[in-house]
Every structure is written in structure tokens, then in C-alpha cells.
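One line per chain: the protein sequences are A and B, in this order.
Using this note's numbering, read the first sequence as starting at 1 and increasing by one per residue.
Using this note's numbering, read the second sequence as starting at 1 and increasing by one per residue.
Hints were generated in silico from the structure; no laboratory data involved.
Watch out, some of these pointers could steer you wrong.
[Unchecked claim] Computed list of lysine-lysine pairs in DSSO-like fashion (alpha-carbon distance at most 27 Å, straight line):
1. Lys135/A <-> Lys144/B
2. Lys72/B <-> Lys135/A
3. Lys65/B <-> Lys97/B
4. Lys338/A <-> Lys408/A
5. Lys342/B <-> Lys230/B
6. Lys32/B <-> Lys230/B
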Amino acid sequence: MTERVVITGMGIVCPLGHDVETFWQAILAGQSGVARTTIFDASTFPTTFDAEVKDYDFAGFTGDPSLHEHGNRGSHFVLGAAAQACRQAGIDIETDEPADGIDRSRLGIYLGAGEGSVDNDVFFAAIVAGWDAQKNEMDWGRWAEVAFGRMSAMRELEQEPNMPASHVALLTGARGPTRSCLTACAASTQAVGEAMMMIRRGDADVMIAGGAHSMIHPLGLTGFNRLTALSTRNESPQTASRPFTASRDGFVLGEGAGALVLESLSSAKKRGMEILAEVIGYGSSTDAFRITDMHEEGRGAVQAMTAALADAGLSYQDVDYVNTHGTSTAENDSIETKAIKAVFRDKAKNTPASSVKSMLGHLIGAAGAAELITCILAIRDGMVPPTINLNDPDPALDLDYVPNKPRKMPVNVAMNESFGFGGQNDVVIVRRFS
Amino acid sequence: MSAPGVVITGLGAVTPLGLTVAETWAGLCEGKVGIDTITAFDPVGFTCKIAGQVPEYRIQNYVPKTHRKAIKLMSRDIELSVIAASEALVDAGLVTKGIDPEKVNIDPERVAVNLGAGLISCDLVELAPAVAASVTDGTFDIRKWGTEGLDLVTPLWLLKYLPNMLACHIGIIHDIQGPSNTITCAEAAGHLAIAEAAQTIARGGSDIALAGGAEAKVNPIVMIRQCLLKRATDQNNDEPAAACRPFDVDAKGSVFGEAAGVVILENSEHADSRGARIYAELVGVGQSNNINPVYEHLEPDGKGVWIAIEKAMAEAQIEPDDLDLIVPHGTGIPADDLAEAKAIRAVLGDAAARIPVWPTKSMLSNTGAAGGAVDIIAAVCAMMDGRIPAAKNCDRQAEGCNLNIITEPRKASIRYILSCSYSYGGQTAAVVLKTRNGND
Numbered sequence: 001m002t003e004r005v006v007i008t009g010m011g012i013v014c015p016l017g018h019d020v021e022t023f024w025q026a027i028l029a030g031q032s033g034v035a036r037t038t039i040f041d042a043s044t045f046p047t048t049f050d051a052e053v054k055d056y057d058f059a060g061f062t063g064d065p066s067l068h069e070h071g072n073r074g075s076h077f078v079l080g081a082a083a084q085a086c087r088q089a090g091i092d093i094e095t096d097e098p099a100d101g102i103d104r105s106r107l108g109i110y111l112g113a114g115e116g117s118v119d120n121d122v123f124f125a126a127i128v129a130g131w132d133a134q135k136n137e138m139d140w141g142r143w144a145e146v147a148f149g150r151m152s153a154m155r156e157l158e159q160e161p162n163m164p165a166s167h168v169a170l171l172t173g174a175r176g177p178t179r180s181c182l183t184a185c186a187a188s189t190q191a192v193g194e195a196m197m198m199i200r201r202g203d204a205d206v207m208i209a210g211g212a213h214s215m216i217h218p219l220g221l222t223g224f225n226r227l228t229a230l231s232t233r234n235e236s237p238q239t240a241s242r243p244f245t246a247s248r249d250g251f252v253l254g255e256g257a258g259a260l261v262l263e264s265l266s267s268a269k270k271r272g273m274e275i276l277a278e279v280i281g282y283g284s285s286t287d288a289f290r291i292t293d294m295h296e297e298g299r300g301a302v303q304a305m306t307a308a309l310a311d312a313g314l315s316y317q318d319v320d321y322v323n324t325h326g327t328s329t330a331e332n333d334s335i336e337t338k339a340i341k342a343v344f345r346d347k348a349k350n351t352p353a354s355s356v357k358s359m360l361g362h363l364i365g366a367a368g369a370a371e372l373i374t375c376i377l378a379i380r381d382g383m384v385p386p387t388i389n390l391n392d393p394d395p396a397l398d399l400d401y402v403p404n405k406p407r408k409m410p411v412n413v414a415m416n417e418s419f420g421f422g423g424q425n426d427v428v429i430v431r432r433f434s
Numbered sequence: 001m002s003a004p005g006v007v008i009t010g011l012g013a014v015t016p017l018g019l020t021v022a023e024t025w026a027g028l029c030e031g032k033v034g035i036d037t038i039t040a041f042d043p044v045g046f047t048c049k050i051a052g053q054v055p056e057y058r059i060q061n062y063v064p065k066t067h068r069k070a071i072k073l074m075s076r077d078i079e080l081s082v083i084a085a086s087e088a089l090v091d092a093g094l095v096t097k098g099i100d101p102e103k104v105n106i107d108p109e110r111v112a113v114n115l116g117a118g119l120i121s122c123d124l125v126e127l128a129p130a131v132a133a134s135v136t137d138g139t140f141d142i143r144k145w146g147t148e149g150l151d152l153v154t155p156l157w158l159l160k161y162l163p164n165m166l167a168c169h170i171g172i173i174h175d176i177q178g179p180s181n182t183i184t185c186a187e188a189a190g191h192l193a194i195a196e197a198a199q200t201i202a203r204g205g206s207d208i209a210l211a212g213g214a215e216a217k218v219n220p221i222v223m224i225r226q227c228l229l230k231r232a233t234d235q236n237n238d239e240p241a242a243a244c245r246p247f248d249v250d251a252k253g254s255v256f257g258e259a260a261g262v263v264i265l266e267n268s269e270h271a272d273s274r275g276a277r278i279y280a281e282l283v284g285v286g287q288s289n290n291i292n293p294v295y296e297h298l299e300p301d302g303k304g305v306w307i308a309i310e311k312a313m314a315e316a317q318i319e320p321d322d323l324d325l326i327v328p329h330g331t332g333i334p335a336d337d338l339a340e341a342k343a344i345r346a347v348l349g350d351a352a353a354r355i356p357v358w359p360t361k362s363m364l365s366n367t368g369a370a371g372g373a374v375d376i377i378a379a380v381c382a383m384m385d386g387r388i389p390a391a392k393n394c395d396r397q398a399e400g401c402n403l404n405i406i407t408e409p410r411k412a413s414i415r416y417i418l419s420c421s422y423s424y425g426g427q428t429a430a431v432v433l434k435t436r437n438g439n440d
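Sequences are here, hints too, so could you generate the full structure?
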């Protein structure tokens with residue numbers, strides 16, 4: 001008998017708050033976490049705003065901040081999210097003698113985590129020093145002189161995408177299966193799905209799963225601006241993330257981390273934990289279409305949703321709420337709508353499908369985890385989060401996107417969708433526990 | 001792993017010793033070292049000036065016409081993975097849309113891709129003109145970057161450097177639509193990707209998977225990171241072939257390089273039903289964490305590696321005496337090699353003195369996310385060929401290691417192989433392979 005997998009803890013650090021309840025109240029109030037960029041001077045970039053985590057100090061979540069102080073923003077965010085999730089799930093952290101009843105070799109980690117920013121000042125200074133514009137080539141000796149002189153070993157190490165998982169391992173003492181994946185914007189949904197599979201297989205009793213990412217740095221913003229993927233509504237940042245509207249012009253870059261404690265039902269019962277929800281389905285696919293575009297009909301998205309439903313043993317008719325990828329780009333919102341229609345058929349227009357990216361921005365690698373937490377809260381409170389800024393609906397997009405106001409309605413089953421650059425599609429389904 | 005088993009039916013490798021598995025294996029058997037002075041850039045001023053570089057290739061020769069326009073979106077990591085993936089598919093007798101659209105013999109939705117990838121560093125030379133256009137009074141000016149430099153960056157620049165693009169290019173070239181993941185666990189990524197792909201097959205998520213890893217570490221930013229962390233050797237720049245010395249008393253650090261390794265994993269019933277040649281069975285996977293506040297090193301007793309090996313052997317249902325070969329991570333970093341040796345001995349006990357240990361990085365270099373996949377391919381070659389090549393540069397074993405490192409090539413009948421790895425940062429992995437030759 002395959003283990004049932006349940007959620008026993010959640011934690012979040014994101015532009016709308018540094019704990020789950022603050023985040024959730026902001027979502028239900030339809031608040032926007034978007035504002036002018038403050039992390040660096042982006043005033044001359046095509047996009048001058050983003051959704052930042054503000055006034056956050058990871059040190060409040062650890063007894064020994066010095067072990068983590070060199071971490072990148074994503075690592076710092078996930079330390080807070082994981083510490084919250086562990087607290088709720090009764091997992092002892094930062095101790096050699098945990099008394100929580102969890103065998104550390106059966107406590108694992110699976111994060112969809114992104115790279116840390118380059119060390120900007122010295123990164124650019126070394127290029128300036130080394131570049132010979134006359135010869136149009138790099139003088140590596142001059143580059144190396146600056147780079148070796150000013151780069152810090154730890155700052156370089158912390159750019160590796162596996163480092164957020166390393167920090168969580170040190171925090172929790174987890175010795176179970178640990179992986180980190182980076183399938184662009186789908187990464188943390190994939191991480192939760194694969195973590196569930198590890199517990200089902202019996203490789204772990206408890207998994208700390210989720211994501212952490214910040215691409216709010218000069219090269220990240222440059223990359224997305226050059227792809228023309230970002231909104232440039234500089235005159236009105238808070239209305240810039242406007243999924244499913246006729247006037248949508250791109251996504252809003254966000255940052256943060258979300259962590260969930262996944263646990264086998266038998267372990268959760270044995271430990272007497274409150275069960276927040278059950279994870280019942282996971283589907284993954286690739287578009288195999290183009291590097292730059294989604295498949296026109298959302299072929300891969302349909303496959304991932306279909307696979308997740310099959311894995312859950314459900315029909316589309318059983319799904320009460322879809323948390324869309326809903327990025328606010330012209331392409332995503334239109335193709336995602338098509339894909340939902342293909343899967344949900346007669347029920348498509350009657351299934352609420354909202355985008356919290358309208359408030360939160362796009363947390364990239366961490367997006368799926370934050371959005372899955374939203375799904376679980378929707379089940380818990382019987383409240384479906386809204387899509388804000390939806391005042392001029394795109395006439396071609398005609399699903400129930402829950403415009404502007406949250407909706408009180410019972411939610412038993414919620415589907416979370418995440419799609420990444422290159423055609424990565426991941427879907428996870430959660431259900432009220434009974 | 002419970003029935004049906006997961007078997008390896010195809011191999012593809014691009015390494016400093018050659019552009020194919022055959023060339024790589026021949027080089028390993030001849031004791032060739034693929035490490036030399038860096039030519040990808042001028043390493044003047046670098047403490048480590050040597051690396052394992054892949055022989056020259058023309059990527060156009062490996063990409064079907066339908067995908068040629070996308071070559072400009074390929075970083076070197078992507079190119080290497082594309083070459084290895086094609087070899088592995090052909091080797092397994094699989095015909096994809098990218099190989100021959102008229103004779104496709106796969107179901108695209110039933111094939112997965114799962115690759116380990118590294119932190120792909122951008123090409124500084126490509127970025128430099130934009131940076132140079134953003135200078136005020138001799139220093140980089142972020143405001144000027146916004147108005148001048150940014151527009152000089154090629155529009156699709158970012159897409160070359162997303163780690164999942166290895167899998168995405170391969171998926172597009174070959175029309176592979178099943179589950180796809182990219183594991184970013186540094187030097188443990190290759191093993192972990194193969195492990196996850198095997199688990200995807202075992203749970204029925206796909207019939208076939210391309211799994212492995214690729215990374216091109218011969219890039220100034222990547223190399224300086226290893227130099228600053230003092231993981232790269234700063235000795236032996238004049239003697240590249242002797243520079244990487246796993247478990248040796250004179251080891252001073254690792255030597256980094258570039259490679260790709262892709263294996264075709266297949267549900268054993270699926271492989272049998274199409275009459276595929278089966279190289280080996282993947283029978284055990286183990287994973288854990290190194291927990292060490294000194295993030296860049298293994299903990300001194302190697303406990304994270306120890307747990308991973310123990311779990312892999314438990315899943316394979318074998319005892320230490322069943323093992324006929326160990327391919328360790330063996331980087332040439334003295335503290336890490338000692339910790340790994342301790343971990344191996346802790347699990348294997350007395351048997352550790354007898355079981356041959358064959359580290360490959362002295363010849364192949366430390367190729368990051370590719371390393372585990374290339375090691376598994378080398379292990380399969382040893383199993384199929386019935387011989388273990390000699391480990392290079394392990395002339396006098398460092399004190400405390402006490403492993404049976406093979407310094408002379410030998411014939412061997414190999415039933416089970418253990419291969420393990422770990423990342424700096426802490427993730428650990430072990431894989432057990434079982435022969436399909438005769439009885440065990």
C-alpha cells in the first residue's frame with residue numbers, strides 16, 4: 001500500500017509577508033506587493049519596479065546566524081520559510097538531539113531553488129578592468145587581478161543553486177534524500193511533486209519541500225527585460241501585474257521562498273500532527289516545442305494536468321479551484337486558458353481559476369511553493385483568492401478568474417499549475433484531508 | 001528496486017578523452033590523461049591554469065536541420081549534453097524525430113529527460129562590450145547600463161544560461177514530451193538525476209528516460225570560484241597529467257573540466273520487449289546530506305556519503321562482499337578524499353580492503369554535474385569489458401585512506417558496482433549497478 005502524503009507545516013517569506021497568516025490576509029485583502037525597485041538602482045531600466053521581500057531578517061529564525069550570513073537572498077528567505085514550516089510541523093531544528101520522533105535519515109529536502117546573484121560590484125569591475133575595447137578582446141590577466149583581489153570565496157560559493165538546500169540541511173539536520181532542481185518557473189511545484197513521490201516510495205517519512213529564488217539583480221532584470229517578458233508599466237507598478245486583462249504587458253519580477261512539510265500519513269498520525277491537507281497528484285511534462293515559446297495549444301500543459309489528475313485518481317469535475325500560473329504575459333494567459341478549457345471541458349467556465357501573481361509578482365523558482373501554500377489556505381478557509389487588477393478582461397479569455405475580490409466557497413480539491421521557460425510543465429493537486 | 005527493474009540500454013559521453021563513449025573508454029584503458037593547460041581562455045593570473053577540455057567539435061554536425069537556428073541559444077553546457085544525448089539514443093537503438101522522422105520508434109509522451117546541470121556562467125566576452133559601454137569615470141555605472149549597455153545584450157541572452165535548457169533543447173530536438181527535470185546539486189547532480197529518472201520509470205511515469213548530466217566548467221568565473229575556495233590545485237601547473245591525484249599523498253586539490261554523460265534508462269520489460277541490448281541493471285539508489293558548517297568540504301567522517309552508500313546497498317539487497325568495483329567521487333582534495341575513504345570503509349568494513357577502487361578524475365578531471373554520469377558510464381564499460389583500468393596518479397595512498405586502489409589494469413568479472421558522489425554544499429548520492437551477464 002502506497003503511503004498517503006499529507007502536509008503538516010508551511011512557511012513563507014515573500015513580498016506580502018514573512019509568515020503564512022500575514023501573507024494570507026494580504027492576499028484576501030487583494031493587496032499588491034509591487035513597488036519601485038530598491039535592491040539596486042533600476043531607474044534607467046525598461047522596468048523600474050518589482051515585488052521585493054522587505055524588512056526581512058533571517059537571523060530571527062536561527063540560533064546561529066553566523067552559519068548562514070554569507071547565504072544568498074534565496075538561502076536567507078528559505079531559512080525563514082523552513083523554520084516556520086518546521087515549527088508548525090513540530091520538527092526540532094538546530095539540535096543534535098531532536099525529540100520530534102523523526103529519524104533524521106528519513107527527513108529529506110527537495111527545493112526548487114535558483115542561483116544567487118553574481119557579486120555585482122566586482123563582477124562588473126573585473127570586466128571593465130579586463131576589456132580591451134581596441135582589440136575587442138579580454139585581457140584575462142587584468143581581469144584576474146581584479147577578480148582574485150576582490151572576489152570572496154563564500155560569495156562565489158553561495159551562487160550555486162544547491163546552496164539553499166544546504167542551508168536547510170544545516171538548520172534541520174536532515175540526512176534523508178535531498179535534491180535541488182531548477183526547471184525555471186516550474187521548479188518548486190516540481191520539487192513538491194517529486195518530494196511526494198519520495199515519501200510514496202518509502203524513501204523518507206518527512207520531506208521539507210518548496211522553493212527559494214531571487215532574480216532581482218541587474219543581470220536578472222536585464223535578462224527578462226531583453227526577453228520583453230516583463231511589464232513596463234512604470235507609471236503604475238501596483239497595477240502592472242494584471243493577468244487575463246486585455247492590457248496585460250508582461251510579468252512582474254518577484255522573489256521569496258515557500259516551504260512545506262510533506263509527511264507520510266502514518267508518520268503524521270504517529271506524531272499526532274494536525275494535517276493541513278493531502279497531496280494527491282503530480283504531473284510533469286515538456287512541450288518539446290520551442291525554446292522561446294509555449295506550444296500554441298498548450299499541449300504540454302494539458303499533458304501535465306491530465307497526468308496529475310490521473311495520478312490523483314480524479315476527474316476534472318472533482319477540482320474546485322485552479323491556481324493558475326497566470327503570469328500576466330500575453331502568451332501565458334492565453335495559452336493557459338486554452339489548456340484549462342481542453343482539460344476541464346464543460347466545467348472550464350465554472351471552475352474558479354485565479355492568479356495570485358497579480359498581487360505577489362512572479363517568484364520564479366519559488367512561485368509554485370508560494371502558490372501551493374495559497375491552495376492549501378483556500379481549502380482551509382473556504383476562500384478562493386482573487387486575481388486583482390482585472391478591470392479590463394481580455395475578451396478572448398473567458399474563464400472565471402475570480403476578479404478583484406476573494407470568493408467564499410468550499411474548496412476540497414485545488415490544482416496548482418506552474419510552467420517554465422523552455423516548455424517545462426508541472427502540476428500538483430492537493431485535497432482537504434479526511 | 002522492486003519489479004519491473006530499470007536497466008541501462010544506451011550510453012553517450014563527451015569527455016576530455018573523446019567525443020564518444022568508445023574514445024573515452026579506450027583512453028581510460030590506455031591510461032590517458034585528459035587534463036592540460038587551459039586554452040578556452042588565457043589563464044594568466046589564475047592559481048590553477050589547467051583543466052580537462054573536450055576535443056574540438058562542430059555542433060552543427062550534431063543538430064538536425066530543424067533545430068539549427070537554435071544553436072545560437074546553446075551555451076557550451078547545452079552543446080555537450082546534446083552531443084551525448086544523440087549518441088546514447090542511437091546506441092540504444094531508439095529512433096526519434098531528431099534522428100529520423102520517418103522511422104520514429106518511441107512514444108514521445110513515454111520518454112523522460114532528467115539531467116544534472118551546473119550553475120552555467122555567462123560568457124564574459126559576450127557581455128563585455130555592453131559593460132564597457134556603461135562606464136562613467138572608469139567605473140561601471142548601473143544607470144548607464146540601463147540606458148546604453150542593456151540594449152547591447154542579445155535579446156535571448158538569458159535563455160542560454162538557464163540550467164533546464166539542456167533538457168529543453170534535447171526534448172525539442174528529439175520530440176521527447178514526458179516528465180522532465182533538471183537537478184542542480186553540483187557534483188552530485190549526475191547521480192541524482194539518474195536516480196530520479198530510474199524512480200520515474202519504476203513508478204510508471206515513463207518507459208524510457210535520458211538521464212545524466214553535463215557541465216562546462218572551463219570558464220573564468222567557474223574556475224575562479226574553485227580557485228578561491230581552494231578546491232582547485234595550485235600546484236603542478238607545469239605537469240598537468242600528474243596534477244589531479246585522488247587519494248594520493250601528494251594531492252593538492254582537484255582539477256576541473258567539462259563533459260557530458262547521458263544514459264538511456266529503460267523499464268526492463270520494455271527493453272526486453274523491443275529486444276534491446278542491456279548493459280546493466282540499476283538496482284540501488286541512496287541519498288543523504290553532508291552536514292558541515294564548512295560548506296565547501298565533506299564532514300571529516302564522511303557521514304553523509306556513508307548513509308547514501310548504506311541506503312543504496314540496502315535497496316540493492318547486497319552485502320559488501322557482493323561488490324566487485326567502487327568508482328568513488330575522489331576529487332584529489334585531500335580532506336574530502338580522506339572523508340570519503342572513511343565513509344566507504346565505515347559501510348564496507350573488512351571488505352573495503354579487497355574491493356577494487358577506481359577513481360577516474362585524475363584522467364577525466366572533475367566535471368561537476370557531468371561527473372556522476374560519466375563515472376556510471378565508465379563503470380558500465382568496465383562491467384561489459386570485464387576489466388578495470390588503472391587509477392592514475394595514485395602512487396602512494398594518503399595516510400588513513402586504506403582503500404584498495406587499482407594501480408595496474410586488471411581483468412575482472414564484475415557483478416555489482418558502487419558509484420558515489422557528493423556536492424560541495426552537501427548533497428550526497430550513491431548508485432549500485434548489477435550485471436546482466438550470466439549468473440551472479
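Structure-based check of each hint:
Using a Cα cut-off of 27 Å, the hinted pair lysine 135/A and lysine 144/B holds, with the two alpha carbons roughly 23 Å apart. Taking the CA atoms of lysine 72/B and lysine 135/A, the gap is about 24 Å. The hint holds against a cut of 27 Å. At most 27 Å may separate the alpha-carbon atoms for a hinted pair to count; lysine 65/B and lysine 97/B meet this at roughly 12 Å. Between the alpha carbons of lysine 338/A and lysine 408/A the distance comes to roughly 26 Å, so the proposed pair stays at or under 27 Å and holds.
Of the pairs offered as hints, the one joining lysine 342/B and lysine 230/B holds, with about 22 Å between alpha carbons and a cut-off of 27 Å not exceeded. Taking the CA atoms of lysine 32/B and lysine 230/B, the gap is about 26 Å. The hint holds against a cut of 27 Å.
Violated hints: none; the structure is consistent with every hint.
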